[in-house]
Amino acid sequence: MKVLAIESSCDETAVAKIEGGGDSLILEKNAIYSQIDIHKKYGGVVPEVAARKHLETIIPLVDDTLGKDKLKDVDYLAVTSGPGLITSLLLGMTVAKTLAYINKLPLVPINHMEGHVYSNWLSNDELVKNSQKYFPSLVLIVSGGHTELVLMKGHGDYQLIGQTLDDAVGEAYDKVAKMMNLGYPGGPIVSRLAEEGDDKAYKLPRPMMDKDNYDFSLAGLKTAVLYTLEKKKNINKKDVKDVCASFQTAVTDVLVHKTIRAVGEFGVKSIMLAGGVAANSNLKSRLSVEAKKLDMPFFFPEIKYTGDNAAMIAAAAYYKIQNKQADILQGKEIFNLQPKSNWQLVK
Amino acid sequence: MKEYTSNNIGDTQKIAKEVAGTLRGGELIALAGNLGAGKTVFVKALARAMGIEDNITSPTFVLMKVYDADFGKVERLVHVDCYRLEHAEDLQDIGLGDYLNHDNNVVVVEWADKINDLPEGTIYIKIESLGGDKRKIIID
Numbered sequence: 591m592k593v594l595a596i597e598s599s600c601d602e603t604a605v606a607k608i609e610g611g612g613d614s615l616i617l618e619k620n621a622i623y624s625q626i627d628i629h630k631k632y633g634g635v636v637p638e639v640a641a642r643k644h645l646e647t648i649i650p651l652v653d654d655t656l657g658k659d660k661l662k663d664v665d666y667l668a669v670t671s672g673p674g675l676i677t678s679l680l681l682g683m684t685v686a687k688t689l690a691y692i693n694k695l696p697l698v699p700i701n702h703m704e705g706h707v708y709s710n711w712l713s714n715d716e717l718v719k720n721s722q723k724y725f726p727s728l729v730l731i732v733s734g735g736h737t738e739l740v741l742m743k744g745h746g747d748y749q750l751i752g753q754t755l756d757d758a759v760g761e762a763y764d765k766v767a768k769m770m771n772l773g774y775p776g777g778p779i780v781s782r783l784a785e786e787g788d789d790k791a792y793k794l795p796r797p798m799m800d801k802d803n804y805d806f807s808l809a810g811l812k813t814a815v816l817y818t819l820e821k822k823k824n825i826n827k828k829d830v831k832d833v834c835a836s837f838q839t840a841v842t843d844v845l846v847h848k849t850i851r852a853v854g855e856f857g858v859k860s861i862m863l864a865g866g867v868a869a870n871s872n873l874k875s876r877l878s879v880e881a882k883k884l885d886m887p888f889f890f891p892e893i894k895y896t897g898d899n900a901a902m903i904a905a906a907a908y909y910k911i912q913n914k915q916a917d918i919l920q921g922k923e924i925f926n927l928q929p930k931s932n933w934q935l936v937k
Numbered sequence: 020m021k022e023y024t025s026n027n028i029g030d031t032q033k034i035a036k037e038v039a040g041t042l043r044g045g046e047l048i049a050l051a052g053n054l055g056a057g058k059t060v061f062v063k064a065l066a067r068a069m070g071i072e073d074n075i076t077s078p079t080f081v082l083m084k085v086y087d088a089d090f091g092k093v094e095r096l097v098h099v100d101c102y103r104l105e106h107a108e109d110l111q112d113i114g115l116g117d118y119l120n121h122d123n124n125v126v127v128v129e130w131a132d133k134i135n136d137l138p139e140g141t142i143y144i145k146i147e148s149l150g151g152d153k154r155k156i157i158i159d
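The listed protein sequences derive, respectively, from chains A and B. The first sequence begins at 591 in my numbering and counts up by one. The second sequence begins at 20 in my numbering and counts up by one.
Bound conformation, chain A alone:
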């Protein structure tokens, strides 16, 4: 079965083609056009600029991905229909809907966060071959807009265990970067500087770490960083690195502590990491150490699949179709599909 997927939920335009067959998943094409350089000067994504860029890049990207075979061997189209920026989502969805309708192909709407979960399948052959062995799995989803602990009982079967009550992890990183004028996107910059800093230089809180639930709160930590900086007034390069290191360790402490505690309570058979912040090496190595202590398999996506991409959307669509969980739209009903900018994977 071949799936062509389109993703345009934020500032990346992406198209990918995947072939799935039982215990194999072959990524045939994976094209991404990133707008990060364009949005850098604004310190964040500007919706109108993003939408215009999607408009310019999406057709050439689809043409390129399909080559001269066009849609000949494609069985399903998939598209991200939320969550994301409404104007960005609309572009990818309009292209996907049009392609599906004209070529009489079924269209499968996919939740962007579910795509992130399936980036693990793109990166780990063992998961593709023996999925069932690793369910239930505890998935820590961390990105610019999300911070959730999800119990994945099987393909497409999720239970929300905990989530952020205010800021998402990626957002906290971005805001800390902005406080020190470090640039955009903040996450990779802060984590790179953190490697050279002393994480014990500043005492920062670990919000909600010892609370008896799996929710997170990062707004207070962000504010604590702000107060620390205000108190110091003159901040040299070493201070910046120390603040980054102290902040990163505080975030990782809370994420790892809660994840590992949930492993015990829910009797899971594996741990997975997903979302843009899955690229954070501090988080990955700390989780990997703790997982090893428990003799628990730990999966994470390759760096190239941590950012937004269409390959993960295609993979999620493949498993949903395969397990008869997909919302398959055909013919005129394709046009009923609307973007859901706040679509939550699990309520």
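Please note that the accuracy of each hint is not assured.
Facing chain A, according to a computed beta carbon distance under 8 angstroms, are these residues of chain B, among others [claimed, not checked]:
#1 G55
#2 N74
#3 L82
#4 M83
#5 D112
No lab work stands behind these hints, which were simulated from the structure alone. Quick reminder that beta carbons are idealized off the backbone N, C-alpha and C, glycines included.
Following the hints, complete the assembly by docking chain B onto the known chain A.
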């Protein structure tokens, strides 16, 4: 103009309840205050006062979140964040136009000070940190 001093989250909740009591639907509330001032905390309290039980999280990343409400005529609380926006037109681009000036909606905009030309009748709420948990809240 009304000025309040809030010593803790409980006080902020009381002030938010007072604001909620004045809402009839169709209002636009502009929230201003620095990073960490407690804008999202105020929106959480306002939502709670309006009987919304959803988990209100920062809309910085997705720019706008919409919550269902059942509060008099108000059916929706629209939570917008201008932190990453530059101009008033950007608000139209994220689809806010669909929700503004609608009797069944209350729209709360964080970082509203980044947008100059907000419509007449906008309720302005400014939150200033006085150190620790203490906040000055000015409603205009």
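Hints, one by one, checked against the model:
1. At about 3 angstroms, the closest approach between the beta carbon of G55 (chain B) and any beta carbon in chain A falls short of 8 angstroms, and the interface hint on this residue holds.
2. The beta carbon of N74 (chain B) comes within 6 angstroms of a beta carbon in chain A, closer than 8 angstroms, and the hint placing it at the interface holds.
3. Evaluation of the L82 (chain B) hint against chain A yields a held restraint, the C-beta minimum of about 7 angstroms falling below 8 angstroms.
4. For M83 (chain B), the shortest C-beta to C-beta distance to chain A is roughly 7 angstroms, which falls under 8 angstroms, so the interface hint holds.
5. The restraint placing D112 (chain B) at the interface with chain A holds, with a minimum CB-CB distance near 4 angstroms, inside the 8 angstroms limit.
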